[in-house]
Amino acid sequence: MKKFNITDFSIRWGFLIVMGVLFTVFSLLQPAFLSAGNLFNILLSVCIFGTMALGETFVLITDGMDLSIGSTAALSVMISAYLMVVLEWGGFATILMVLFIGVVVGLFIGFLIVKVKIPDLLATLGMMFLVQGLQYIPSGGLSIGRGAVIKNGREAMGQFSEGFKYLGQGRILKVIPVPVLIMIGVAIIVYVILSKTKFGRIFYAIGGNPEAARLVGVNVNKYKVIAYVSSSFIASLAGILLAARVGRGDVGSQGTLLMDAIGAALIGFAVLGARKPNPFGTIIGAIFIGMLMNGLTMLSMQYFWQDFIKGSVLVAALAFTFGISKKHG
Amino acid sequence: MDREPIVQVKNIGMSFGATRALDNVDFNFYPGELLALVGANGAGKSTLIKIICGYHSGYEGRIIVANREVDLNSPKEAYDFGIQTVHQIINQGVIQSMTVAENLALEEMLSPDQPVVYNYPAIRRRAGEIANLMDLNYLDLDVPVFTIPQSDRQMICIARALASDPKLLILDEPTSSISDKEADRLFTKLLKLRDSGVSIVYVSHRLHEITRLADRVGVLRDGKVAGELVKPFSVQNIVHSMVGDIEQNPVRKKDSKINKSVVKLELQDLVFQEGKPPLNLKLYEGEVIGLTGLIGAGKSELAAVLFGADKPFSGRMFVNGEFYEPSCIRAAIDNGIFMVPEDRNNNAVFPEFNILQNINIPFLGMFTNSISVLSKRKERKEAARMIKAMTVKCESEESPVLSLSGGNQQKVIVARWLMVESNLVILDEPFQGVDVKSRREIGQYLRDNIGKSTAIVIATDLDEVIDISDRIVVFNHGVMVGEQEAGSIDKERLIQLTSGTLEEILN
Numbered sequence: 048m049k050k051f052n053i054t055d056f057s058i059r060w061g062f063l064i065v066m067g068v069l070f071t072v073f074s075l076l077q078p079a080f081l082s083a084g085n086l087f088n089i090l091l092s093v094c095i096f097g098t099m100a101l102g103e104t105f106v107l108i109t110d111g112m113d114l115s116i117g118s119t120a121a122l123s124v125m126i127s128a129y130l131m132v133v134l135e136w137g138g139f140a141t142i143l144m145v146l147f148i149g150v151v152v153g154l155f156i157g158f159l160i161v162k163v164k165i166p167d168l169l170a171t172l173g174m175m176f177l178v179q180g181l182q183y184i185p186s187g188g189l190s191i192g193r194g195a196v197i198k199n200g201r202e203a204m205g206q207f208s209e210g211f212k213y214l215g216q217g218r219i220l221k222v223i224p225v226p227v228l229i230m231i232g233v234a235i236i237v238y239v240i241l242s243k244t245k246f247g248r249i250f251y252a253i254g255g256n257p258e259a260a261r262l263v264g265v266n267v268n269k270y271k272v273i274a275y276v277s278s279s280f281i282a283s284l285a286g287i288l289l290a291a292r293v294g295r296g297d298v299g300s301q302g303t304l305l306m307d308a309i310g311a312a313l314i315g316f317a318v319l320g321a322r323k324p325n326p327f328g329t330i331i332g333a334i335f336i337g338m339l340m341n342g343l344t345m346l347s348m349q350y351f352w353q354d355f356i357k358g359s360v361l362v363a364a365l366a367f368t369f370g371i372s373k374k375h376g
Numbered sequence: 307m308d309r310e311p312i313v314q315v316k317n318i319g320m321s322f323g324a325t326r327a328l329d330n331v332d333f334n335f336y337p338g339e340l341l342a343l344v345g346a347n348g349a350g351k352s353t354l355i356k357i358i359c360g361y362h363s364g365y366e367g368r369i370i371v372a373n374r375e376v377d378l379n380s381p382k383e384a385y386d387f388g389i390q391t392v393h394q395i396i397n398q399g400v401i402q403s404m405t406v407a408e409n410l411a412l413e414e415m416l417s418p419d420q421p422v423v424y425n426y427p428a429i430r431r432r433a434g435e436i437a438n439l440m441d442l443n444y445l446d447l448d449v450p451v452f453t454i455p456q457s458d459r460q461m462i463c464i465a466r467a468l469a470s471d472p473k474l475l476i477l478d479e480p481t482s483s484i485s486d487k488e489a490d491r492l493f494t495k496l497l498k499l500r501d502s503g504v505s506i507v508y509v510s511h512r513l514h515e516i517t518r519l520a521d522r523v524g525v526l527r528d529g530k531v532a533g534e535l536v537k538p539f540s541v542q543n544i545v546h547s548m549v550g551d552i553e554q555n556p557v558r559k560k561d562s563k564i565n566k567s568v569v570k571l572e573l574q575d576l577v578f579q580e581g582k583p584p585l586n587l588k589l590y591e592g593e594v595i596g597l598t599g600l601i602g603a604g605k606s607e608l609a610a611v612l613f614g615a616d617k618p619f620s621g622r623m624f625v626n627g628e629f630y631e632p633s634c635i636r637a638a639i640d641n642g643i644f645m646v647p648e649d650r651n652n653n654a655v656f657p658e659f660n661i662l663q664n665i666n667i668p669f670l671g672m673f674t675n676s677i678s679v680l681s682k683r684k685e686r687k688e689a690a691r692m693i694k695a696m697t698v699k700c701e702s703e704e705s706p707v708l709s710l711s712g713g714n715q716q717k718v719i720v721a722r723w724l725m726v727e728s729n730l731v732i733l734d735e736p737f738q739g740v741d742v743k744s745r746r747e748i749g750q751y752l753r754d755n756i757g758k759s760t761a762i763v764i765a766t767d768l769d770e771v772i773d774i775s776d777r778i779v780v781f782n783h784g785v786m787v788g789e790q791e792a793g794s795i796d797k798e799r800l801i802q803l804t805s806g807t808l809e810e811i812l813n
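Residue numbers (the working numbering), protein chains in the order written: chain A, 48 to 376; chain B, 307 to 813.
Next comes chain A alone, as it looks inside the complex (with noise of 0.2 Å):
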């Protein structure tokens, strides 16, 4: 081992520690800050932004970005209600049409970037606009909620189903949240397939050198396609846990999802000295957003600080991987 670096440490643990004093501090100043309730408050804020986070990973470790994701969430959550509510559709046929639309929103944009060839930063944003427009064309731009009317003039009979609701708002044990768990169930896997397997190497090989992955025998384009897919089909997932918290149809759900979802991944960055998105990173990042804005919010903090106080964390994060690190390594 070599003897201990003062540069060395903070770039592994110096993003732990600053989470760990500021954890500290707020559970100092309010002590209803580290009540068990208030913790999974926590959790539950970050859980749908998190989720996608973990897809937005797959991305970005091929060396792409995917801009679609917030607006693919908000359309699977309209999907949802459009299929239950106005469909009268059962919970599960509804999740399992969902996730295969978001399968086909990932084909798609795979499809514009891999045969098409458009810039993966521009036909992610065009499909943003794409799919956030979509999600207004079912229901003639209206919210869908039971009774509400839709374009013919008929009132919507169905409604969300029990099971579905329970994927936002369940509680096992009557703490845990159901889309805690789900969030922490998807980032086991995600971890697993990006640290642990062969497919994860590959994955971060095409980022780190596109041209000597291509001469190793890999099919670059289908495991660029591939990250596409997990990363629409995992924001369609986190759209169906909205939906089911929220238990109605609401346009413009996207809000601030997208930009939290990759603050969140690349925050992660930082985490461990990564330098590199990493599912680990991305999980902690968002923890560490929501953690950050539940403190501030129990401490009095306006709500118009809210996103300056994100961009400022995202910048210094980010400042801190590749300005220290990078003259370091």
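Simulated from the structure, these hints should not be mistaken for laboratory data.
You can take every hint at face value.
In silico DSS-like pairs for lysine-lysine, Cα to Cα no more than 30 Å straight-line:
(1) A/162 - B/617
(2) B/617 - B/566
(3) B/487 - B/537
(4) B/617 - B/487
(5) B/588 - B/566
(6) B/530 - B/356
(7) B/684 - A/243
(8) A/245 - B/682
(9) B/530 - B/316
(10) B/684 - B/694
(11) B/758 - B/743
(12) A/269 - B/684
(13) B/797 - B/530
(14) B/699 - A/323
(15) B/684 - A/245
(16) A/243 - B/687
(17) B/694 - A/243
(18) B/617 - A/269
(19) B/687 - A/245
(20) B/687 - A/323
(21) A/164 - B/617
(22) B/537 - B/316
(23) A/323 - B/684
(24) A/243 - A/269
(25) A/245 - B/694
(26) B/682 - B/694
(27) B/487 - B/356
(28) B/743 - B/699
(29) B/699 - A/245
(30) B/617 - A/245
(31) B/537 - B/356
(32) A/323 - B/682
(33) A/269 - B/682
(34) B/617 - B/582
(35) B/699 - B/563
(36) A/243 - B/682
(37) B/382 - B/356
(38) B/356 - B/498
(39) B/699 - A/243
Assemble chain B onto chain A, guided by the hints.
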């Protein structure tokens, strides 16, 4: 000579790390003279040119332009002294997305004297004049440069250099990507330019061009001036001064490991470049073939076909007697055909990966369980075995690959493909940017472990192929023009085969 040199370089030296690229080099460049600069790869030609054109600062020695000592620190400074250079890598000289006209008149377009409002018709007019200098009137001025062939891009660069009225014009391998007809046109222009008083430095591996064009030949060998030849010169005496007297015909015993009864790879009437004659070649078990030839001779094109990256135009390939037709690179790998590509940094190294990950990447399936999870233990074991076998100098198998020296990085890349048994390993320029010691070690390991496989080592540098091969195959303009067996190598003949014109060689 009583003429005044337009540019003089005196006692020029340059080191890159431990490598001495140039040492105590003197040259005078006279107006109205074409000086050809020759030398093997790594002899220092490019370094010298880059110093004169202001690209390398931090050289030793003096540069004198028109009797005044100058300090060249940037290409702009050299340019202001009337030194114009056309570099070998054409695509660095053109802006792909701009039109032919804009590229031709690039200097005018970017000049601070241009009016604020962009006047395309004026640029286009000027471009027409510049095109005229090289008889390029057939070019469509309004199409983007990426749509026209390499050879036309090269001609654009040359025309642009001529347009600036250079005092010293340096051309680095200007004919490597243009046709013979275009080359003829270029030569006519160059001679005319020389007669008008311009000093020209012409770098080429194609010696027959040099005998035709040059007034004087400067020879570089191992970073030093190995001689200056004046007219009349023949390909023969140029070759002789490039090679030197020492180690004329290095003797390497023919290896007994070759098993001529087993043909590993057979090429039957293979056409791998459009319009070229078919190639027939057999590679035997345990044999290391050295494939040499100048840039553009078709070496890498053959490698691409063997490795499944390109499709042949016609003909058939057999591996172990079985018909072989790879649909993609993966198919080639599955057939036991591996390739260490040229240009390690761009094509082989995964910069963010550690040594182990860089070695194991093509064969991850070897290390996984039934659900594709990698076994760290198995990965470590194999990587450590290869690191030891190839004497890679590193702290551990999990050190970052970029922490290694160039030679050791190359060992890692070679180790990647020698880890499992193969039918054929192609190594494309495996010794570029590799120190001599590492080169010997890689070569030794390859020879010792060739086993039942066979290898093709592609190298432009003759010393490298002579060092490693049981048999040397020479390509020239896409045609196999000769082969020599280890033990009876004639280096001068090899240089003639690589550098001569096809008519000279085949008749």
